[in-house]
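Participant: So the chains spell out like this:
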Amino acid sequence: MPKQKHLERALAEGRISRREFAKQMSALGLAAAAPGALFSGSALAATPKKGGHFRLGLGHGSTTDSLDPGTFENAYTQTMGYGLRNNLTEVNAENELIGELAESWEASPDAKVWRFKLRQGVEFHNGKTMEASDVIASVQHHRGADSKSAAKAILEPVVELKADGKNTVEFSLKEGNADFPYIMSDYHIVMMPAKDGKVEWKSGVGTGAFALQSYEPGVSIKMKRNPNYWKEGRGHFDSVEMITIADVAARTNALTTGEIHAMDRVDIKTLHLLKRNKNIKIEESSGNAHYTFAMLTDIAPFNNNDVRLALKWGLDRKALLQTILRGHGYLGNDHPIGRANRYLADDLPQRDLDPDKSKFHLKKAGLSKLTVDLSAADAAFGGAVDAAVLYKEHAAKSGIEINVVREPNDGYWSNVWLKKPWCAVYWGGRPTEDWMFSTAYAEGAPWNDSHWTHERFNQLLALARAELDEAKRREMYREMQLITRDEGGVVVPLFNNYVEGLSTKIGHGKIAGNWTMDGLKALERWWFV
Amino acid sequence: MFALVKVVAQRLALGLLVLFAVSLIIFLGVELLPGDLCQEIQGQGATKETVAACRRELGLDKPPVTRYLAWLGGVVQGDFGVSLANQREISELIGVRLSNTLFLALVAAIVAVPLALILGLLAALYRNTIYDRVINVVTLTSISTPEFFVAYILILFFSVKFGWFPSLSNVSPDTEFWDRVYRAILPAATLTLVCVAHMMRMTRASIINLLASPYIEMANLKGMSRSHIILHHALPNAWAPIVNVIVINLAYLIVGVVVVEVVFVYPGLGQLIVDSVQKRDIPVVQACSLIFAATYVILNLTADILSIVTNPRLLHPR
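Line by line, the protein sequences give chains A and B.
Each residue of the first sequence is one higher than the one before, counting from 609 in our numbering.
Each residue of the second sequence is one higher than the one before, counting from 1184 in our numbering.
Read the hints as simulated data drawn from the structure, not as lab findings.
The C-beta atom is built at its ideal place from N, Cα and C for all residues, glycine as well.
Do not rely on the hints blindly, as some may be mistaken.
Said to hold, decoys possible - What follows is a list of derived Cβ distance ranges for each label pair: (1) A:H661 <-> B:V1201: 44 to 50 Å; (2) B:I1208 <-> A:S976: 49 to 55 Å; (3) A:D994 <-> B:I1488: 49 to 55 Å; (4) B:I1208 <-> A:G866: 55 to 61 Å; (5) B:V1190 <-> A:N1017: 54 to 60 Å; (6) A:G866 <-> B:A1192: 32 to 38 Å; (7) B:P1247 <-> A:S716: 48 to 54 Å; (8) B:A1204 <-> A:N1017: 27 to 33 Å.
Said to hold, decoys possible - Derived pair list, reagent style PhoX-like, types lysine-lysine, alpha-carbon separation capped at 20 Å: (9) B:K1231 <-> A:K1027; (10) A:K657 <-> A:K1118; (11) A:K883 <-> B:K1231; (12) A:K810 <-> A:K736; (13) A:K810 <-> A:K832; (14) A:K770 <-> A:K782; (15) A:K658 <-> A:K839; (16) A:K1028 <-> B:K1344; (17) A:K967 <-> A:K977; (18) B:K1344 <-> A:K886; (19) A:K889 <-> A:K1118; (20) A:K1000 <-> A:K967.
To be verified - Every beta carbon over 10 Å from chain B, so not counted as near; a handful from chain A, in silico: (21) P656; (22) G729; (23) K810; (24) A862; (25) D914; (26) Y938; (27) P963; (28) D1018; (29) H1059; (30) D1094.
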């Protein structure tokens, strides 16, 4: 059983997680007899079968999309990117980090220098062998003064990256970051073939499970299976097609008539009707995606924490969950850490509607009544305007008057977000606490949408980032969630579930919750039963 | 004949002027919209630096006048440029979409125009009978219903319940001809239902209008059959207004079907221009608008020529 030995060695060397080991073993039809392994035995993981043409209908996708990973900003392009290409690392369905194109990695004791050992003999779709120079060019694509990539900010801490031979890449960081390997799983930072130090993204060539056949942005993309795909037990379909179906009714019709095999963003208002269809199953996963109302904490009255607390206590989150999401989500506790994160402090008491506390804080702020504007548009998240109106109703009980300002959907992210003092925002969440906090809560971060500065919080952020001791990190992240909850400038009322419709013909393992569409990896993870 | 050629030439020259004005208005319009392509493309992920880098790369940091003149210079030489968003050649990008749009418009027109004429003639022939009423009620109901609703109803019955036609019309350049027709049937049926009423009512009205004329009365007195009178005496004189309405509907089939495209996921020009306006991809918006404007100019010209051919008096305006 050479394959079994291979897996055991991989497990021993920490290249795969225990769960992955169990899954791979059961895929081989063997009981996982790993030494001391906690065999979770996910029964979902029936043996995948090869073959078939998979059609996936997604609500995103625009004519202006491109194959440049720096521009990937919606579920369509992100899923497409993970189908065509691979990253150095991957977050599996258990929210654990495993190696993808990197076989293993190690950090210097201060977590400032990271060495990734690349998997050998991996070929791009064009036959070129993947090596360190490709990795470097692919990362550099997002860096530098001329970069227009959305990943530029998360790669800012990288000072230098260099190859050590053909199969090792070394990253030097400004400061220690224990989570750096997670960043390498980001959907922007996919590996592409390099030519003269520049990556070739226009061709769509990658090392992924599927090779590009044709792409019409905003319409559809067709891919066929990469016969040389290096990853064991992934990439089962013969060919896949992703179709942009912006209209949710059209998407639902396409699924019920069998034109597509899976769809994202099911309309939860008609979910109960869709469930009656015997050929369709609904898959729901809870992750880190959440809705917020961000206040600019450097502008009055939001510069007073008591005002912020009065607003935070003034919202009936349960009612919001039932009305806006019809229960397809879970309550937020005014911090952005969700169930797909490792250090979620779920022991913190859940904040709820409490007009008395709300009034108390208003009084403490020296106000008898408060009038504020809340900007919202459905571009922020579906139902944002309704949510704002509900908020207005709830807060009225505490003597707070909220004027809901309906903003245009068009240009919401450039003209309202980060500009209006209080507005509705959507966050897809991030795989790690550090990533989420550094992106939207750290002092001076470009997307710090509350302009929040908190000395202790920022200290903890830097300390926790470089801390390799799990227990200490957990404690620090707990404190940071507490600080954000009680002193932050963002109301986080809800985390939304990803609700997807699948044909019963589709087989899959446990569905990941870190992103929509099985962690955006439906193309390579699913199969036809 | 020479007079006709002169009219056509005059109209074409005027058409060019219209196109120029349209391009200027559209450019100004998109400029006036808040935000630019770089902000829209990067969306929530935009930072000041990346937006600035993007503007530098695409030349969006230059003043609008410079950009418009550069674009105009290209177009005069037949070069529509590339999409700012993904660097694709606009001619290539639009070519596929335009042929899809024209195909759908053609399929819809082949059904809708003869149907509307026949229904209109029959309605005039059997004026004020039950038949006339039924036709009027049915067509007016279908024109008064929003397109997307008609589309959903058709999908509900013909693809969900009976399973005769696909609910998606996602054709691609390698789709075979008959498959293409098959996939275009439901969207074409939707468009037909939506535009038949207009043409049918016009046919009926202009014929009925003529039926009161003395020469029709003469024909009646000579004892001709009603259908002979309508087809041989009334219709030839009624062509001018009918043709005008038909042409306006044809133009609608080409430029106004974005809702139907969205519901059936048909990759036509409408979806392209909506996406491009949302992302402020000016060269693509410009190219699409020019096509739409040219469609109106050419179709209106056609209508006028046909009117003149059927009624030469129109050549000599008083």
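Participant: I'd like to know which numbered hints this structure contradicts. Please list them from smallest to largest.
Facilitator: The structure conflicts with hints 4, 5, 6, 11, 16, 23, 24, 28, although it agrees with all the remaining ones.
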